[in-house]
Amino acid sequence: MADTIAIVGAGASGRACAEALAGRARTVVVERGPAPGADVRATAIRWDGRALLAMGPGGPVEIAAAALVIATGAHPLGSAELGLAGTRPAGVLPAPAACELAGRGRFRPSRPVVIGGGRWAARAVDALLATGAAVTVVAPDGILAPMRESAAVTVHERLTPVAVRGDPGVERIECDRAVFECDGVVLAHGLAPVRNVDGAVDGGEHTVYAQPTADPPSAGGSRAAGEEAARAALALTGGAATIGPWSS
Amino acid sequence: VAELVHELLAAAGAPVEDERAGAVAALEPVPRLFGHAEPAALFARDPAYGDVVCPCEQVTAAEVAAALCMRLPARSVAGLRKRTHAAAGRCQGATCLAGLASRLEAHG
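Top to bottom, those sequences are chains U and H. Residues in the first sequence are numbered from 1 upward in steps of one, following our numbering. Residues in the second sequence are numbered from 249 upward in steps of one, following our numbering.
To be clear, the hints were calculated from the coordinates, so they are not data collected in a lab. There could be a bad hint or two in this list.
Now the in silico label distances, taken between C-beta atoms and shown as ranges [to be verified]:
no.	chain 1	residue 1	chain 2	residue 2	range
1	H	Val253	U	Gly142	46 to 52 Å
2	U	Arg158	H	Pro321	41 to 47 Å
3	U	Gly203	H	Ala292	29 to 35 Å
4	H	Ala292	U	Arg177	55 to 61 Å
5	H	Arg319	U	Ala22	52 to 58 Å
Cut-off 25 Å, straight-line C-alpha distance, at most; resulting in silico cross-link-like pairs (DMTMM-like, lysine to aspartate or glutamate) [to be verified]:
no.	chain 1	residue 1	chain 2	residue 2
6	H	Lys330	U	Asp198
7	H	Lys330	U	Glu81
8	H	Lys330	H	Glu255
9	H	Lys330	H	Asp299
10	H	Lys330	U	Glu100
11	H	Lys330	U	Glu171
12	H	Lys330	U	Asp48
13	H	Lys330	H	Glu353
14	H	Lys330	U	Asp167
15	H	Lys330	H	Asp294
16	H	Lys330	H	Glu251
Residues of chain U placed beyond 10 Å of chain H at every Cβ, according to the derived structure [said to hold, decoys possible]:
no.	residue
17	Gly11
18	Gly23
19	Ile63
20	Gly203
21	Ala219
22	Gly220
All C-beta atoms, glycine included, are put in the ideal place defined by N, C-alpha and C.
Let's have the full structure, built from the sequences with the hints guiding it.
In C-alpha cells form, the structure reads like this:
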C-alpha cells in the first residue's frame, strides 16, 4: 500500500479517483460542500508538497500526504477571461451565482443577456425564464447543450462579446457584429478549472489535476480524468510499479 | 486626498471624528486567513474562521462579519469585495457571490 493521497473535491472526478486508488493507496477526500463521499468536510486552503491544510467547522485540519489530487471542477469564465472591456457595471454575474440568486428572486432582470451556449448557459436560461424574463443568448461557440426553446428566448450564435457598458447598472453589451440593450448579463461561456489551494494553483509540488473543462461536461470525461489522476498520483508516491490495467 | 475624503464622508453623514492623534487605533485589525501563519490561533479566537465563504481568496465568515460591522460597513457585494477580497479571486465570485448576497441580506 502506497502513502496517503489527498483528493480535493468529492464530485465525479474526485470520487472516480478515490475509487481507482482503493486498495492501492490510502486516500483522504476533502470536500467543502454537502456532497457524499467526503472524508473531511472542510475547505482545502494550502499545500506545501507534504501536507494539505484544510479549514472546516471544527477548525484547521492538516493531512499529511505524498501526493495531492485537485478535483475541484470548473467555473464559467469571468469578464477578464472573456476579454470583456468596459466599466464594471452592476448586474453582471457569473452563471452559478445568477442561477442561485434568480431562484431566490434576488436577481430579476427583465431582459438579460446570457453569454454562452453550454450547460451553464442552459441552466441560466431556465432560471431566468422562471422569473418571467425575456432572454437573449449570445453563444460565441454556438449552442452546445440542450437549451429550452421558448418565444421568450432569442439565440445569436457565433457572436463574440467585446464590452459591457453601463453605470451604475449594466445597460448594454457590445459584440463584434451587434449591440444588445440589457439590464443583466450572465457569464456562462467556457470553463476554467477552479484552482484555490495555495501552493497548488498552477503546478504544485507532487500535485496532479483532475479537472475536465469540456462543455457540456460528461460523466465519462469526469471518470476518465479521475482515473488518469489516480495513475499519476500513484506514480508520484513511488507506487507506479503496482499499477495494473484499469478495470474501466 | 485623505482630508478631502474626510470632508466628503462627513458631508454624507458618516461617523468621522478627527482621530489624527490616534489614527492607527481607528483601523480595526481583522487578520486574514489567507497565508496566515497560525490558522489554529485564528480559529481559537473566532470559530467563524472555520467557515470559508470565498475559497479562491480564502475569505472566512469572520472577515465578512467584520466588514459588515466595521465603522464604515459594507452595504453591497461590491463593498464586501473591496473590504475582504471575497469574490475578487480567480473565479470572480462564481462560487461565493450568492452566499455573500445572502449574508448581506441576513445582516439587514
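Taking the hints in turn, this is what the structure says about them:
Hint check: Val253 of chain H to Gly142 of chain U, Cβ distance near 49 Å, so the stated range 46 to 52 Å holds. Taking the beta carbon of each, Arg158 of chain U and Pro321 of chain H are about 45 Å apart, inside 41 to 47 Å as hinted. Restraint check, Gly203 of chain U to Ala292 of chain H: a C-beta distance of roughly 34 Å satisfies the suggested window 29 to 35 Å. The hint said 55 to 61 Å for the Cβ distance between Ala292 of chain H and Arg177 of chain U, and at roughly 58 Å that hint holds.
Between Arg319 of chain H and Ala22 of chain U the C-beta distance comes to about 54 Å, which sits within the given range of 52 to 58 Å. Between Lys330 of chain H and Asp198 of chain U the CA atoms are separated by roughly 21 Å; this keeps the pair inside 25 Å, and the hint holds. For a cut-off of 25 Å, the pair hint linking Lys330 of chain H to Glu81 of chain U stands: about 20 Å separates their Cα positions. This hinted pair checks out: Lys330 of chain H and Glu255 of chain H have alpha carbons roughly 21 Å apart, not beyond 25 Å.
Under the criterion of a C-alpha separation no larger than 25 Å, the hint pairing Lys330 of chain H with Asp299 of chain H is consistent with the structure, at around 20 Å. With a CA separation close to 22 Å, the supplied pair Lys330 of chain H and Glu100 of chain U stays within the 25 Å bound. A distance of roughly 23 Å separates the Cα atoms of Lys330 of chain H and Glu171 of chain U; the hinted pair therefore holds under the 25 Å criterion. With a C-alpha separation of about 29 Å, the suggested pair Lys330 of chain H and Asp48 of chain U falls outside the 25 Å cut-off, and the hint is violated.
Restraint check for Lys330 of chain H and Glu353 of chain H: satisfied, since their Cα atoms lie roughly 17 Å apart, inside the 25 Å limit. For the given pair, Lys330 of chain H sits about 18 Å from Asp167 of chain U by alpha-carbon distance, which is consistent with the 25 Å threshold. Only pairs whose Cα atoms come within 25 Å are accepted, and Lys330 of chain H paired with Asp294 of chain H is accepted, the gap being roughly 22 Å. For the hint linking Lys330 of chain H to Glu251 of chain H, the alpha-carbon distance of about 21 Å falls within 25 Å, and the restraint holds.
The claim that Gly11 of chain U is not at the interface with chain H holds, since no C-beta of that chain comes within 10 Å of its own (minimum 13 Å). Distance check for Gly23 of chain U against chain H: the nearest CB is about 31 Å away, which clears 10 Å, and the non-interface claim stands. The Cβ of Ile63 of chain U sits about 14 Å from the closest Cβ of chain H, beyond the 10 Å cut-off, so the non-interface label holds. Once the 10 Å rule is applied to beta carbons, Gly203 of chain U is consistent with being away from chain H; the minimum gap is 15 Å.
For Ala219 of chain U, the condition that its CB be more than 10 Å from all CB atoms of chain H holds, with the nearest at approximately 22 Å. No beta-carbon of chain H is positioned within 10 Å of the beta-carbon of Gly220 of chain U; the least distance is around 24 Å.
Hint compliance for this structure: hint 12 is the single one not met.
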